[in-house]
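As you go down the protein sequences, you meet chains A, B and C in turn. Numbering-wise, the first sequence is residues 0 to 273 according to numbering that gives the first Met the number 0. Numbering-wise, the second sequence is residues 0 to 304 according to numbering that gives the first Met the number 0. Numbering-wise, the third sequence is residues 0 to 418 according to numbering that gives the first Met the number 0.
If you are wondering where the hints come from, they were derived from the structure by calculation, not from laboratory data.
Derived DSSO-like pairs: lysine-lysine, alpha-carbon spacing no greater than 30 Å straight-line:
#1 C:K323 with C:K353
#2 C:K289 with C:K157
#3 A:K8 with B:K102
#4 C:K240 with C:K157
#5 A:K260 with B:K225
#6 B:K100 with A:K10
#7 B:K206 with B:K102
#8 A:K8 with B:K218
#9 A:K96 with B:K2
#10 C:K157 with C:K179
#11 A:K62 with C:K281
#12 C:K281 with A:K61
#13 B:K206 with A:K8
#14 B:K225 with A:K10
#15 A:K10 with B:K102
#16 A:K260 with A:K10
#17 A:K62 with C:K54
#18 C:K106 with C:K323
#19 B:K206 with A:K10
Residues of chain A clear of chain C, computed beta-carbon distances all greater than 12 Å:
#20 I15
#21 A18
#22 V19
#23 F21
#24 F51
#25 A64
#26 K98
#27 G99
#28 D101
#29 T102
#30 A105
#31 A169
#32 V171
#33 A174
#34 P250
#35 I253
Glycine included, each C-beta is placed from N, C-alpha and C at the ideal position.
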Amino acid sequence: MNNNQQNSKTKYLILILSAVFFLIPMYVLLVTSFKDFDQVSLTTMWNLPTTFSLAGFTTALKKLAPNLMNSFYLVIPATLLSAIMGSLNGYVLSHWKFKGADTLFALMLFGMFIPYQSILFPLVQFLQSIGLYGSIPGLILVHVIYGLPITTLMFRNYYTEVPTALTEAARVDGAGIFSIYRYIFLPISIPSFVVVFIWQFTNIWNEFLFAVTLTSRPANQPITVALTNLAGSQVVHWNIQMSGAIITALPTLIVYVIFGKYFIKGLLSGSVKG
Amino acid sequence: MKKTAKEKLISFAILSPSLLFIGIFVYGFIGRTAQISFLNWNTFSRLLQGEKNYVGLKNYIELFQNPRFQTDLWNTLYFTLFFIIACLAIGIFLSLLLNNKPKYGYLFQNIYLFPMAISFVVTGTVWRWIFSPGTPGDPYGVNLLLSRIGLTSFQWKWFTSTESFLFFNIALIPVIIAAVWQFSGYTMAMWLAGLRGIDEQLIEAAKIDGASNWQIFSKIIFPIQKPITLSAIIVLAHVSLKAFALIYSMTGSGPNNVTDIPAVYMFESTFRANRYSTGSSIAIILLMMVGLLIIPYLINSFKED
Amino acid sequence: MSLKSKFSIALLLSFVLIFSMVTLAAAQDTKVEIFSWWTGGGEEEGLQALFEVFKEQNPNIEIINATVAGGAGSNAKAVLKTRMVGGNPPDSFQVHGGAELIDTYVKTGMMQPITGLLEEWGVRNNFNQQILDMVSHEGEIYAVPVNVHRGNVAFFNKAILEEHNITPPTNIYTFINALKKISEESDVSPLALGDKNKWTAGHIFETILVGTLGPVKYNGLWNGSTSFDEPGVRESLVVFKEIMNYVNEDHAALTWQDAAQRVLNSEAAFTIMGDWAEGYFKTLGWTPNKDFGWVSVPGTRGSFMVITDTFGLPEGAPHPEGAKAWLKLIASKKGQDTFNPIKGSIPARIDADKDKYDPYLTDSMHDFATVTLTPSIVHGSAAPEGFVTALNDIINQFVTTGEVDNAHQRLIEAANEYL
Numbered sequence: 000m001n002n003n004q005q006n007s008k009t010k011y012l013i014l015i016l017s018a019v020f021f022l023i024p025m026y027v028l029l030v031t032s033f034k035d036f037d038q039v040s041l042t043t044m045w046n047l048p049t050t051f052s053l054a055g056f057t058t059a060l061k062k063l064a065p066n067l068m069n070s071f072y073l074v075i076p077a078t079l080l081s082a083i084m085g086s087l088n089g090y091v092l093s094h095w096k097f098k099g100a101d102t103l104f105a106l107m108l109f110g111m112f113i114p115y116q117s118i119l120f121p122l123v124q125f126l127q128s129i130g131l132y133g134s135i136p137g138l139i140l141v142h143v144i145y146g147l148p149i150t151t152l153m154f155r156n157y158y159t160e161v162p163t164a165l166t167e168a169a170r171v172d173g174a175g176i177f178s179i180y181r182y183i184f185l186p187i188s189i190p191s192f193v194v195v196f197i198w199q200f201t202n203i204w205n206e207f208l209f210a211v212t213l214t215s216r217p218a219n220q221p222i223t224v225a226l227t228n229l230a231g232s233q234v235v236h237w238n239i240q241m242s243g244a245i246i247t248a249l250p251t252l253i254v255y256v257i258f259g260k261y262f263i264k265g266l267l268s269g270s271v272k273g
Numbered sequence: 000m001k002k003t004a005k006e007k008l009i010s011f012a013i014l015s016p017s018l019l020f021i022g023i024f025v026y027g028f029i030g031r032t033a034q035i036s037f038l039n040w041n042t043f044s045r046l047l048q049g050e051k052n053y054v055g056l057k058n059y060i061e062l063f064q065n066p067r068f069q070t071d072l073w074n075t076l077y078f079t080l081f082f083i084i085a086c087l088a089i090g091i092f093l094s095l096l097l098n099n100k101p102k103y104g105y106l107f108q109n110i111y112l113f114p115m116a117i118s119f120v121v122t123g124t125v126w127r128w129i130f131s132p133g134t135p136g137d138p139y140g141v142n143l144l145l146s147r148i149g150l151t152s153f154q155w156k157w158f159t160s161t162e163s164f165l166f167f168n169i170a171l172i173p174v175i176i177a178a179v180w181q182f183s184g185y186t187m188a189m190w191l192a193g194l195r196g197i198d199e200q201l202i203e204a205a206k207i208d209g210a211s212n213w214q215i216f217s218k219i220i221f222p223i224q225k226p227i228t229l230s231a232i233i234v235l236a237h238v239s240l241k242a243f244a245l246i247y248s249m250t251g252s253g254p255n256n257v258t259d260i261p262a263v264y265m266f267e268s269t270f271r272a273n274r275y276s277t278g279s280s281i282a283i284i285l286l287m288m289v290g291l292l293i294i295p296y297l298i299n300s301f302k303e304d
Numbered sequence: 000m001s002l003k004s005k006f007s008i009a010l011l012l013s014f015v016l017i018f019s020m021v022t023l024a025a026a027q028d029t030k031v032e033i034f035s036w037w038t039g040g041g042e043e044e045g046l047q048a049l050f051e052v053f054k055e056q057n058p059n060i061e062i063i064n065a066t067v068a069g070g071a072g073s074n075a076k077a078v079l080k081t082r083m084v085g086g087n088p089p090d091s092f093q094v095h096g097g098a099e100l101i102d103t104y105v106k107t108g109m110m111q112p113i114t115g116l117l118e119e120w121g122v123r124n125n126f127n128q129q130i131l132d133m134v135s136h137e138g139e140i141y142a143v144p145v146n147v148h149r150g151n152v153a154f155f156n157k158a159i160l161e162e163h164n165i166t167p168p169t170n171i172y173t174f175i176n177a178l179k180k181i182s183e184e185s186d187v188s189p190l191a192l193g194d195k196n197k198w199t200a201g202h203i204f205e206t207i208l209v210g211t212l213g214p215v216k217y218n219g220l221w222n223g224s225t226s227f228d229e230p231g232v233r234e235s236l237v238v239f240k241e242i243m244n245y246v247n248e249d250h251a252a253l254t255w256q257d258a259a260q261r262v263l264n265s266e267a268a269f270t271i272m273g274d275w276a277e278g279y280f281k282t283l284g285w286t287p288n289k290d291f292g293w294v295s296v297p298g299t300r301g302s303f304m305v306i307t308d309t310f311g312l313p314e315g316a317p318h319p320e321g322a323k324a325w326l327k328l329i330a331s332k333k334g335q336d337t338f339n340p341i342k343g344s345i346p347a348r349i350d351a352d353k354d355k356y357d358p359y360l361t362d363s364m365h366d367f368a369t370v371t372l373t374p375s376i377v378h379g380s381a382a383p384e385g386f387v388t389a390l391n392d393i394i395n396q397f398v399t400t401g402e403v404d405n406a407h408q409r410l411i412e413a414a415n416e417y418l
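Assemble the whole structure, with the sequences as input and the hints as a guide.
Listed below in structure tokens is the structure:
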């Protein structure tokens, strides 16, 4: 027993020390965001603000607000679509392999390493030719496509652990591809959906390169473009910039908190395995 | 049970939209990039005129002869290697600590995930501040903290150091720390998702048989988690090749390119210098490097299935 | 499964969202899309002030303010190029006058000449003629220069100079002596530099280059009448190396803003920066001529290193009428005097209302009207973008290695390739 208590103390010590490491930059971010611009300097970066200023937050909020909804219009459909398509792809590629399926998977996977900076010109021209350039649906399409390799990979490797015997048994009972997916795979996929949601939501929310090149009108631009636009061409007001970053990060944090719950509960541990 | 023709058809139909999209948006564009890399489109007007003058491997040869690009390749190698190892080690360790639902585990989990939510441009700047060395008389950031606790001998020049060891620019260490800070939480999440699926009875049984914690981890948990670890490695490799925004805002290229990476060079070539063919060549070299790393791994993992 | 029904509702909603957005493209009156990288601080306020005047003059034209921020316009330039290549130009866009405009957009046939318009509005002769030359190609003018920044300025902390009995240096030798004196007598850095972003070191180099060559020979580098073999080019590298001995050792960790703060905090004596630093000092509460002083970078008194933002009329602009109205405004005295005092720059016109500008800017306006203009390399006015990138690379490595001959050789090679 004593040993156990000792263990759990060590464990908490490690958890807390790690948390401190993870929070140090957050501390800098927070104190800077509450400073006045003339207090922001490298020499005093660890110091608390001498006067508590909300100037950074009010300025940032005013400028970010108009673009906030655009980000939701973009991120929610793009995350859902890429997760669902990835889940179906992963299901087929792990349990309904046909000849050449592995090769197709490898080819899909390779797609996530494409360096985005080098394909902007053809991408813009292609989107223009299909009439989606400059619009949020165009941006959704791009994010879904470039998200597919990663979501497919995550689901495939998660489903690989599900014994094939389970699928076989269901088939013997006369279940089709879709009903097996729906009644066996979907219910056990929740932790994996959480991982994929967190990834896609965060990445699409924070993505800047496509956002800025594929939407030219300010009315269509997601929040990251507005966030970058808080900086001037020569002078950067770091208090505003960091306040803006905190505001921009809030929706993502809420996603973590909401979906993270499904994680920790461990809804299904052990129920289908073995 | 053999798969029926209908089942095969349906499974292919499920994949086909993705395959079509990826065919165009990935392979179509890669083909285009490869083509440009063999052209002489190294000015804006040549790009606009679109006249195809093939110059063979000229752009590639120039790159490999360029000291900056050589540095970039070493930097990528070391950055990717250390970044992936550290993210996996820390992520797995944290997920194991959080697995049996300790009190406040939920809180800790969110704290570790937290960094991923914040714009890289801003976290890059925060890390630049933290690792800004300042001067010996007036230390900044970490050096200031070290001098406060009397560890002045641990102060060094961080990412402004131009020293290297076996082509490893030690200025990359702070950059790797920043990247690990941002992404190890995600490795933790991936592992945690996998751990949720492991049958606890399996572990209980091993405990009863007198297996040590390390044995349980290395003989039971790790093998089960292998597919997930593979996903994590590939995702991290993807991140490390694209750590552009973080590195660009944290250190830029660094003195004498000690923290330069190909993505930064590619961006400068393409959009600053108007050297599209050079930029495309860098892209193709990156893709080939990825291929060299990933494809054997994949073949190996398919064989095991 | 409640989670599942949530999924389907969310999925349904997202489809509805997509389609509602597609159909939202509404029709409106005349518009004008102005593309710039003026997003923060004074420059944004200046732009907004211009928009206010524009709306008064053109109530029927709706302004689309397409701004993209980040590092002296580097993001904006990437976006702009992507749009131009995609055949989707804005109605008017910000571009640095000189090579960036001429080499990238004019020679490629993407711009329309506006000489006739400037004559029609009767403003052609109100501009500094040297600056109009920078936006001209084969006798036609292609853009309206709206503001001018000076690159070759050394700002200094007055108190530190007084403490060391140093009068503001005027040539490179007195400058180096002053740096030396400060480094021997105190702990402060003689010269503050923050070259985390490469261009700041290149910025110092070009101001030294103009000093060792003189403005005429310097300008000759860009039309081929001066060669990079010229001894003055090598000498500039030697001088630059000498000066680098006096910069703060952590320069690679800082940006120009951090470096400027060193001067403000009395941790450094000088900093060499474009005069947007003057605006920055003022936001931090410093008074020109009282707390900080300035000289042209020692040895460059007869030169005015120009960084100018210009707007032109792209071929295929969707709303050329709107664009012309915009150009007319920014070419007018009112337009220039609205924007520049807020932005902290001087007008490209020579008939501006001096009362609206602070002591530094009036001083700069005087020099602008009297000395030789030299286009900046690192800010895109002197040479094609390929050369700028190469130069920044060469100087970045030179700062660490200090190999003069190697750097000179590579400069010559870059010049052969790009100029």
